[in-house]
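Peer 1: With chain A's structure known, arrange chain B on it following the hints.
Those protein sequence lines, which keep their order, are chains A and B.
For what it's worth, this note's numbering labels the leading residue of the first sequence as 1, then goes sequentially.
For what it's worth, this note's numbering labels the leading residue of the second sequence as 431, then goes sequentially.
Incorrect hints may appear among the rest.
Unchecked claim - Simulated crosslink set (SDA-like; lysine to any residue; CA at most 25 Å straight-line):
(1) 591(B) x 311(A)
(2) 152(A) x 463(B)
(3) 591(B) x 289(A)
(4) 591(B) x 167(A)
(5) 591(B) x 314(A)
(6) 591(B) x 128(A)
(7) 152(A) x 519(B)
(8) 591(B) x 180(A)
(9) 591(B) x 333(A)
(10) 591(B) x 257(A)
(11) 591(B) x 366(A)
(12) 591(B) x 124(A)
(13) 591(B) x 169(A)
(14) 591(B) x 273(A)
(15) 591(B) x 157(A)
(16) 152(A) x 684(B)
(17) 591(B) x 263(A)
(18) 591(B) x 354(A)
(19) 333(A) x 600(B)
(20) 333(A) x 524(B)
(21) 591(B) x 238(A)
(22) 124(A) x 157(A)
(23) 591(B) x 283(A)
(24) 591(B) x 295(A)
(25) 591(B) x 398(A)
(26) 152(A) x 470(B)
(27) 152(A) x 636(B)
(28) 398(A) x 354(A)
(29) 591(B) x 239(A)
(30) 152(A) x 594(B)
(31) 152(A) x 467(B)
(32) 152(A) x 128(A)
(33) 591(B) x 313(A)
(34) 591(B) x 195(A)
(35) 591(B) x 176(A)
(36) 591(B) x 409(A)
(37) 591(B) x 307(A)
(38) 333(A) x 409(A)
(39) 333(A) x 521(B)
What the hints contain is simulated information worked out from the structure, not anything from laboratory work.
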Amino acid sequence: MSGTLFVAGMTHRGAPVEVREALALEDDKLREVLTAVAATGVTDEVMIVSTCNRVEVYGVAEAPAEARAAAFRALGAHRGVALAEVEPYLASVNEAGAVRHAFRVAASLDSLVVGEAQILGQVKDAFELARACRTVGPVLNALMSQAFSVAKRVRTETEVGRLAVSVSSVAVELARKIFGRLEGKGVLLLGAGEMAELAARGLMDGGASPLYVANRTPVRARELAEALAGTAVALADVPAVMAQVDVVVACTAAPEPIVRAADARAAVHDRRTRPLFLIDLGVPRNVEAAVNELDGVFCYDVDDLQHVVESNRRERQREAERAEALVEREVDKFLARLRDVEVVPTIVSLRERLEAIRRGELDKALARLPDASPETRQVLEALSQSIVNKVLHPPIEKLRDSSRAGHGRTWIEVVSEVFGLRRPPGGRSR
Amino acid sequence: MPATVNALLYDVALTAYILAMAGALGHLVGRREGSWRLALLATQAGWLCHTVAIVVRGVELRRLPILTLPEIVSVVIWVAVLLELWAERQYRIRALGAFVLPVVVGLGLVLPSGLRALALEPVIRSAWIWVHVALALLGLAALVLNFAAAFMYLLQERQLKARRPSRVYYRLPPLETLDRLSHRTLTLGFPFLTAGLLLGLLWASAAWGSVLTWDPLALFSLVTWVVYAATLGGRTLGRWHGRRAAYFAIAGFATLLLTLGASVLLQGRHGA
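Only chain A is shown next, with the shape it has when bound in the complex (with noise of 0.2 Å):
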């Protein structure tokens, strides 16, 4: 029998944490879980993806059920979990299913957070684990670089990775939709809460400097501007400050705002054309209402950018349906393909026995007319090829057609029985 490409596993959705960390395992011990699985002969091929959201088998095994069990087996070991204790959680899917599922995985449209980066990097890091291990044939390398190649595709057709969905990252990614870039734009930071201190590291990061900290407290501020690299200011000179500086991240516990819309009026009367953006992450609101309406000025409180945290997710599911789109086109194609692959090895060694047979008849038919002329030998070499020709034309037909149409194996198997061929070894003849 040929091998049956399966993936069997547990994700963030199915399993509880407590039994995915139980499976868990650093890359020296999924070394030996994968040698020791392909040592037991039970799987052709085989990989072990091992997140914190997922720990998948993916695999070629001409019993899946068994390769399953094998794998889990040996993952549970190493802690001590019996394989009944993950059994109920695992789900495994097949052949087209299976392909589909690598291609999502890669393609972060089966993540908790869909569209992360993360993923991609880890299914590859598992590729080379596994390939470092030598435990990967040709299906799962050809597997495994197209999903690469489709997750590649999905990142730059579609935004499904590109939308920030948290509070401190939106307010980074308004930043850029209000400057463009962030190089050299000034950052004023209020107050030291830690999700003010994520959205000034966000700015900071994207390239945005200096950075100036302001707190009721000026001890805090220092310590707090020497972990940034920025300068402490005065709470008296943020007025000022504010001037200078294109955007504002205020959390403070101050009961009334900080940010009076006069000040703000003074500070964009000072600063000319340049746009103005406050981010007020303070619950009571750090910055007057009023502000937002000046010209010229972006204010966005907690409830706003958790608004467009909202849009954004929104706008992620419907990029995720184009990616969807696009991952089921892949795998009709990939599916054709490796079908197409499937019948090869049967077609090659059908044409080699009939040639060795014509070979051999010739050979003794020659033997028995020495006296043969030239032109004799030619018409019967002419003769058996025709024959052979005319002979294998319909089984080739025959194959080809109906892998395409997706029941190859069963005229791998008829024609092989009819016409004595052996089997491909390795089982690999998918």
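Peer 2: For chain B alone, coordinates are given in the frame of chain A:
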């Protein structure tokens, strides 16, 4: 025979522009990579066709085809499309076509529909007229882009101000990119417009002995110039934010269209 070839080329170019506009708008509201590619390809194909049409027309007339109003509008479109292709690459604004092409198509559609060919009085046939028209024409083309940039700026500014992103928000580039583009096109277009008008005025005073004669095109052009001068002045000297500059740019373009309309409807020295 050349006349029909020319008309055919022109129709093909206009059809390509219309196709490109549909693609660009499709990309703006839908989200298909393909429609943007279609728009880009159709724009390029249309522009090449348009180029050939203009050359054929020039050969046929044995002069630069920028003397009658339809000819001028046609060349303004030609330059505007070229600028659009450049700016889209330079500023990486994929949505630009969706805003420039409707203007282009609008101008293109009125072009063959009975705009009278304005024959110029023999007295003003001189070498200077070419320079006058060519300069004003380059200015106009840049201002078509200026209008598109200002319009996009206002759209995006509204989205950001309202703090409720819609579909268009995701397609439009950063505010400052739009502001830069609108400033760049204004500083590109305005000097040409100024030089063109100045030349026209100087030359009118030489030909007719007075600077301000009762010519509607000249007067409307002056109004247009004043609006654009105010925009540029406000930006460089005043403390105008992008929004006010954008409003003025749109007002400037509106007077520009009025100027074109006036030159068709009213009669003056420019028209017979």
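Peer 1: It remains to establish, for every hint, whether it holds in the given structure.
Peer 2: Now for the hints, and whether the structure bears them out:
For the proposed pair residue 591(B) and residue 311(A), the alpha carbon gap of about 15 Å is at most 25 Å, so the pair holds. Taking the CA atoms of residue 152(A) and residue 463(B), the gap is near 15 Å; set against the 25 Å cutoff, the hint holds. Distance hint between residue 591(B) and residue 289(A) is fulfilled; the C-alpha atoms sit about 12 Å from each other, no more than 25 Å. Note on residue 591(B) and residue 167(A): the hinted pairing holds, with a Cα-Cα distance of about 18 Å set against a maximum of 25 Å.
About 20 Å separates the Cα atoms of residue 591(B) and residue 314(A), which keeps this hinted pair within 25 Å; it holds. Straight-line distance between C-alpha atoms of residue 591(B) and residue 128(A) comes to about 48 Å, which puts the hinted pair past the 25 Å bound. With a CA separation close to 23 Å, the supplied pair residue 152(A) and residue 519(B) stays within the 25 Å bound. Proximity of residue 591(B) to residue 180(A) is assessed by CA-CA distance (about 16 Å); at most 25 Å being required, the pair is judged to hold.
Distance check on the hinted pair: residue 591(B) and residue 333(A) sit about 46 Å apart at the alpha-carbon level, beyond 25 Å; violated. Annotation: proposed proximity of residue 591(B) to residue 257(A) holds, straight-line Cα distance about 20 Å (limit 25 Å). With a C-alpha separation of about 94 Å, the suggested pair residue 591(B) and residue 366(A) falls outside the 25 Å cut-off, and the hint is violated. Between residue 591(B) and residue 124(A) the CA atoms are separated by roughly 42 Å; this puts the pair beyond 25 Å, and the hint is violated.
Among the hinted pairs, residue 591(B) with residue 169(A) is consistent with the structure: their alpha-carbon atoms are about 19 Å apart, no more than 25 Å. A hinted pair counts as satisfied when its Cα atoms are at most 25 Å apart, and residue 591(B) with residue 273(A) qualifies at roughly 16 Å. Under the criterion of a C-alpha separation no larger than 25 Å, the hint pairing residue 591(B) with residue 157(A) is inconsistent with the structure, at around 29 Å. A threshold of 25 Å between alpha carbons decides the hint, and for residue 152(A) with residue 684(B) the separation of about 45 Å lies outside it, so the pair is violated.
At most 25 Å may separate the alpha-carbon atoms for a hinted pair to count; residue 591(B) and residue 263(A) meet this at roughly 19 Å. For the suggested pair residue 591(B) and residue 354(A), the alpha carbons sit about 78 Å apart, so the restraint of at most 25 Å is broken. Of the pairs offered as hints, the one joining residue 333(A) and residue 600(B) is violated, with about 31 Å between alpha carbons and a cut-off of 25 Å exceeded. Distance check on the hinted pair: residue 333(A) and residue 524(B) sit about 30 Å apart at the alpha-carbon level, beyond 25 Å; violated.
Simply put, residue 591(B) and residue 238(A) have alpha-carbon atoms about 24 Å apart, close enough for the 25 Å limit, and the pair holds. A threshold of 25 Å between alpha carbons decides the hint, and for residue 124(A) with residue 157(A) the separation of about 21 Å falls inside it, so the pair holds. For the hint linking residue 591(B) to residue 283(A), the alpha-carbon distance of about 21 Å falls within 25 Å, and the restraint holds. The hinted pair formed by residue 591(B) and residue 295(A) meets the criterion: a straight-line CA distance of about 9 Å does not exceed 25 Å.
A distance of roughly 66 Å separates the Cα atoms of residue 591(B) and residue 398(A); the hinted pair therefore is violated under the 25 Å criterion. For the given pair, residue 152(A) sits about 23 Å from residue 470(B) by alpha-carbon distance, which is consistent with the 25 Å threshold. The straight-line distance between the Cα atoms of residue 152(A) and residue 636(B) is roughly 66 Å, outside the 25 Å bound, and the hint therefore fails. Note on residue 398(A) and residue 354(A): the hinted pairing holds, with a Cα-Cα distance of about 17 Å set against a maximum of 25 Å.
Restraint check for residue 591(B) and residue 239(A): satisfied, since their Cα atoms lie roughly 22 Å apart, inside the 25 Å limit. Straight-line distance between C-alpha atoms of residue 152(A) and residue 594(B) comes to about 31 Å, which puts the hinted pair past the 25 Å bound. Our distance criterion of 25 Å between C-alpha atoms is met by residue 152(A) and residue 467(B), whose separation comes to about 19 Å. Straight-line distance between C-alpha atoms of residue 152(A) and residue 128(A) comes to about 18 Å, which keeps the hinted pair within the 25 Å bound.
Restraint check: the Cα-Cα separation between residue 591(B) and residue 313(A) comes to about 20 Å, which is no more than 25 Å; the hinted pair holds. Between residue 591(B) and residue 195(A) the alpha-carbon distance is near 22 Å, which keeps this suggested pair within the 25 Å criterion. Annotation: proposed proximity of residue 591(B) to residue 176(A) holds, straight-line Cα distance about 15 Å (limit 25 Å). At roughly 62 Å between alpha-carbon atoms, residue 591(B) and residue 409(A) are farther apart than 25 Å, so this suggested pair is violated.
A C-alpha spacing of about 13 Å is found between residue 591(B) and residue 307(A), which places the hinted pair at or below 25 Å, so the restraint holds. Annotation: proposed proximity of residue 333(A) to residue 409(A) holds, straight-line Cα distance about 19 Å (limit 25 Å). A distance of roughly 37 Å separates the Cα atoms of residue 333(A) and residue 521(B); the hinted pair therefore is violated under the 25 Å criterion.
Of the hints listed earlier, those the structure fails to meet are numbers 6, 9, 11, 12, 15, 16, 18, 19, 20, 25, 27, 30, 36, 39, in rising order.
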